[in-house]
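Novice: Chain by chain, the residues:
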Amino acid sequence: MSDFPVIPVGDVLLVSIQGELHDALAVRLQESVTTAVQRRSARGVIIDISAVDMVDSYLGRILAEIAGCSRLLGADTVVVGMRPAVAITLVELGLTLPELRTARTVTDAAAVLGVAMPITDTASSGADRRGAR
Amino acid sequence: MSDLDAAAPWSPQQSVADLLRQRREQIAQRWADLPLFRSVFTVTRDEAVEAAQSVADALVVVAASGRVDDIEASGFDSVRTQIGRMSAARSRAGLSVGRVAGEVAALKDAVVELLTAELAGAPVEHQHAAVLYAAELLSTLRLVAMQTMFNEGQELINRQRQQLMEVATPVIKLWHGVVAVPLIGTLDSARSQVVMENLLDAIVAQQARVAILDVTGVATVDTLVAQHLLKTVASARLMGAECIITGIRPAIAQTIVQLGIDLSDVATRSTLADALGYALDQGGLQVRRTDGRTVSAGESR
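Listed in order, the protein sequences are those of chains L and G.
Quick note on numbering: the working numbering labels position 35 of the first sequence as 35, and the sequence is numbered without any gaps.
Quick note on numbering: the working numbering labels position 104 of the second sequence as 104, and the sequence is numbered without any gaps.
Quick caveat, the hints were computed from the structure, so don't treat them as lab data.
Idealized CB from N, CA, C, for every residue including glycine.
Watch out, some of these pointers could steer you wrong.
Coverage of chain L stretches by chain G, computed from C-beta distances (three or more under 8 Å per stretch; other residues unrestricted) [to be verified]:
| hint | region |
| --- | --- |
| 1 | 16-23 |
| 2 | 79-85 |
| 3 | 96-102 |
With a straight-line Cα cutoff of 20 Å, these simulated DMTMM-like cross-link-like pairs (lysine to aspartate or glutamate) come out [said to hold, decoys possible]:
| hint | chain 1 | residue 1 | chain 2 | residue 2 |
| --- | --- | --- | --- | --- |
| 4 | G | K173 | G | D274 |
| 5 | G | K108 | G | E50 |
| 6 | G | K173 | G | D281 |
| 7 | G | K231 | L | E99 |
| 8 | G | K231 | G | D188 |
| 9 | G | K231 | L | E92 |
| 10 | G | K108 | G | E25 |
| 11 | G | K231 | L | D53 |
| 12 | G | K231 | G | D262 |
| 13 | G | K108 | G | E118 |
| 14 | G | K231 | L | D56 |
| 15 | G | K108 | G | D69 |
Working from the sequences, and respecting the hints, build out all of it.
Specialist: Encoded structure:
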């Protein structure tokens, strides 16, 4: 099992979740993100979950917890590229996550965080290409 | 011992089939006078007799096959459309399914009467067996009629539901990154689900930042509808799009407040135009007149 790639882009950390995210992996994600935020004194965290097609209440809570931890460490978290089915599931579970910030694409998320992405629009994020598919 | 037994071993199956075949004309004449046939074939009596004969023919086939308790018996196939059309006509006339089934059951009397007369000289156990057999056959016919009516009703409902889904939920791209759904009519759970899924899919496909739910055409709002709207708004937000509800009419606004539904977390605008203006604003866009005149207050937003 590999760790999650946490890619530093300027002041922002980019985390892309690939494949199924089961409970043990979700805990590891929380650890790697918070560690990376602290080590790099990041200002923002962008979590791309466009490849995640199934969630449970635990994952919903983990996302909210990562956002909470990062905020304590001085970084805002934006979740990007959530799929419709995932959003519906979370809402049906009663997890509307009002404290979690969301955006459609990584570029949008960067705008939310108030930083300019040093990447052009066309190659801005996996979410763009996957979403258009 | 009667002559019947001399030819072949007696069976209720053969006896009933023979009677239906031989007395087909007589039975059809009597059936044609019953409300089931009379009220459907109003133009000429011959039509009713003809229809009754075709039903009787089908019963002969079923009776001879011995599968009188099987509603799937192949003999019923030919009569299914006939019975279906008559039952549909009767239900349209305002009769309940139970009443129509009763009318179908009334066909039994003529058959049983003729059968009793026919077997007057036969042993008592033969009479009983034959009458029982005929009764079972006609009960199954009644079941066939009910099943046909039920299926037709179900088909109609499915067809209409499908039509409703199709006409009711277009997602319109208003601008780059701005999509809108005009909701019309009554929102139930199934429709709300379709609206929600369509809108969320459109948000992904169009990379929309703003999604507008226009409820101008929604007749009434109850707690359930409001619940669905709130769910849609929450899902869209999770996906990273802002959801705006527009076109809430004064009467509906009053209902929402009176029901105590909390829409304070949801962005609302009075018209679709306002919401579009807001969306453009958020995207850093501005509407400008090309003739240099100042934009009036009504146009600016």
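Novice: Now tell me, hint by hint, if it's right for this structure.
Specialist: Evaluated hints:
| no. | hint | verdict |
| --- | --- | --- |
| 1 | 16-23 | violated (count 0) |
| 2 | 79-85 | holds (count 6) |
| 3 | 96-102 | holds (count 5) |
| 4 | K173(G) <-> D274(G) | holds (16 Å) |
| 5 | K108(G) <-> E50(G) | holds (18 Å) |
| 6 | K173(G) <-> D281(G) | holds (17 Å) |
| 7 | K231(G) <-> E99(L) | holds (16 Å) |
| 8 | K231(G) <-> D188(G) | holds (14 Å) |
| 9 | K231(G) <-> E92(L) | holds (8 Å) |
| 10 | K108(G) <-> E25(G) | holds (15 Å) |
| 11 | K231(G) <-> D53(L) | holds (19 Å) |
| 12 | K231(G) <-> D262(G) | holds (13 Å) |
| 13 | K108(G) <-> E118(G) | holds (15 Å) |
| 14 | K231(G) <-> D56(L) | holds (17 Å) |
| 15 | K108(G) <-> D69(G) | holds (15 Å) |
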